[in-house]
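Chemist: Fit chain B to the given chain A structure using the hints.
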Amino acid sequence: MADEDVVLLDFWPSPFGMRVRIALAEKEIKYEYKEEDLRNKTDLLLKMNPIHKKIPVLIHNGKPVCESLVQVQYIDEIWPHKSPLLPTDPYQRAIARFWGDFVDKKIYGLESGKVWTTKGEEQEAAKKEFIECLKLLEGELGNKAYFGGENLGYVDVVLVPFYSWFYAYEKCGNFSIETECPKLIAWAKRCMEKDSVSKSLPDQDKIYDYVLHLKKVFGIE
Amino acid sequence: MKWRTIFSSKTMGDDEEVKVFGMWASPYSRRVELALKLKGIPYEYIEEDLSNKSALLIKHNPVHQKIPVLVHNGKSIPESLVILEYIDETWRNNPILLSQDPYDRAMARFWAKFIDEKILSTTRKVSFTTGKEQEHAIEEVTEQLKLLENEVKGKAYFGGEGIGYVDIVANFLVFWFGNLQEALGINIFSQHKFPFIFEWIQKQLKIDMVDESRIPKDKHLTYIRTRLAAFKSASK
Numbered sequence: 001m002a003d004e005d006v007v008l009l010d011f012w013p014s015p016f017g018m019r020v021r022i023a024l025a026e027k028e029i030k031y032e033y034k035e036e037d038l039r040n041k042t043d044l045l046l047k048m049n050p051i052h053k054k055i056p057v058l059i060h061n062g063k064p065v066c067e068s069l070v071q072v073q074y075i076d077e078i079w080p081h082k083s084p085l086l087p088t089d090p091y092q093r094a095i096a097r098f099w100g101d102f103v104d105k106k107i108y109g110l111e112s113g114k115v116w117t118t119k120g121e122e123q124e125a126a127k128k129e130f131i132e133c134l135k136l137l138e139g140e141l142g143n144k145a146y147f148g149g150e151n152l153g154y155v156d157v158v159l160v161p162f163y164s165w166f167y168a169y170e171k172c173g174n175f176s177i178e179t180e181c182p183k184l185i186a187w188a189k190r191c192m193e194k195d196s197v198s199k200s201l202p203d204q205d206k207i208y209d210y211v212l213h214l215k216k217v218f219g220i221e
Numbered sequence: 001m002k003w004r005t006i007f008s009s010k011t012m013g014d015d016e017e018v019k020v021f022g023m024w025a026s027p028y029s030r031r032v033e034l035a036l037k038l039k040g041i042p043y044e045y046i047e048e049d050l051s052n053k054s055a056l057l058i059k060h061n062p063v064h065q066k067i068p069v070l071v072h073n074g075k076s077i078p079e080s081l082v083i084l085e086y087i088d089e090t091w092r093n094n095p096i097l098l099s100q101d102p103y104d105r106a107m108a109r110f111w112a113k114f115i116d117e118k119i120l121s122t123t124r125k126v127s128f129t130t131g132k133e134q135e136h137a138i139e140e141v142t143e144q145l146k147l148l149e150n151e152v153k154g155k156a157y158f159g160g161e162g163i164g165y166v167d168i169v170a171n172f173l174v175f176w177f178g179n180l181q182e183a184l185g186i187n188i189f190s191q192h193k194f195p196f197i198f199e200w201i202q203k204q205l206k207i208d209m210v211d212e213s214r215i216p217k218d219k220h221l222t223y224i225r226t227r228l229a230a231f232k233s234a235s236k
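Chains A and B are the protein sequences, given in the same order.
Numbering-wise (this note's numbering), the first sequence opens with residue 1 and increments by one.
Numbering-wise (this note's numbering), the second sequence opens with residue 1 and increments by one.
Keep in mind that the hints were calculated from the coordinates and are not lab data.
Quantities reported herein were computed from a predicted structural model and do not represent experimental measurements.
If a hint is listed, it holds; no wrong ones were tucked in.
Below, in silico cross-link-like pairs of lysine-lysine (DSS-like), each with a Cα-Cα straight-line distance of 30 Å or less:
#1 K105(A) with K66(B)
#2 K113(B) with K63(A)
#3 K146(B) with K105(A)
#4 K113(B) with K34(A)
#5 K66(B) with K125(B)
#6 K128(A) with K236(B)
#7 K105(A) with K53(B)
#8 K41(A) with K125(B)
Interface residues of chain B toward chain A, partial, derived using beta-carbon atoms under 10 Å:
#9 V63
#10 E79
#11 L81
#12 E85
#13 I87
#14 P102
#15 Y103
#16 R105
#17 F110
#18 F114
Glycine is no exception: its CB is placed at the ideal position from the N, C-alpha and C atoms.
With the rest of the complex left out, here is chain A:
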């Protein structure tokens, strides 16, 4: 579309940024990707997200949209005809939003980070809760191919970026997510067969290297 100007301020390992990349790819929207150095944020980022000063920031025709769940819904509403992400029925939409909120609170939350930032009892407790939350998501997926049914939907886009971090979690936590949640891993691999997902997620090894780097920087063993 000649009159559409779409810019994404992002940081390559961010699962929040990945959500937006997937949504834009699903909608086949061309955009300019701008990598931010989070230790040296650009004036553009600070101007476009003065409240949180965080990525990702979606800039559409000069106007910023912040917060990844807000961005994914915005993308779905601006470009509704290709790959609709939210269903049309209000109750189904509520269920999707509920699980999107659950992913943010429980999978991306501070507690799950403890799987790689802590050791001993604290780590074991974090691992247990993390697996329990993934199992709840498995339950919600049921026998569907995707959370969205036959195609990728809102919850798929919101959750699948985390798959790129699973290997790092497994190495740091010394456990196998596939053993605990085989259906969820099968789902993730199914998502990865789609270009919109595989081209938006970095390599799991790269994420693991990044996590090791973070551990060094923060003095975590």
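Modeler: Just chain B now, kept in the frame of chain A:
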């Protein structure tokens, strides 16, 4: 002890059954009731004792086991922000809570998240900490309220021409927050410091349904003080 009350400004149709599992002092619960009242939707309210949650609540919200939960014709919807959007999408009469414009909707959702994830979250820290930690939390929430103040500056409502989604989410500022700071003996929020939010509050109070959803002050102060005392003795 649980009690039921039927709130009805219209006769409930045979095909509509709306229930709210809530708690009278919870701002999250109050915002759901406010939305239903503004839209004129009759509902049955079920008061939950949070120290002794009912089997029905757990059945309708097995994942978080929290209030509020909206149950519409047997379908359960938890999480207040999710419920508000569901109400707006299901009952399309006035007031329409979210604009049709995707950018305006994105801004409304952004501010609702900011209120819940920043202001209300920091307010919890203010309530449950003391000393330096509390001082820091007070500074933090003051900064966050200033950002919200800036957002409502020059506007009658957060959204547009009438009460909408963000006004309902910000409803905690109309009664709840003032009661809380009085119970805590602190002064974060005053007309002097936040003239625009205060102006917005005066406009909100002119709306019947908002005024009617006033939390009984003495009961609320007692409740907060009791909870804080219990928390302090439990953490010793």
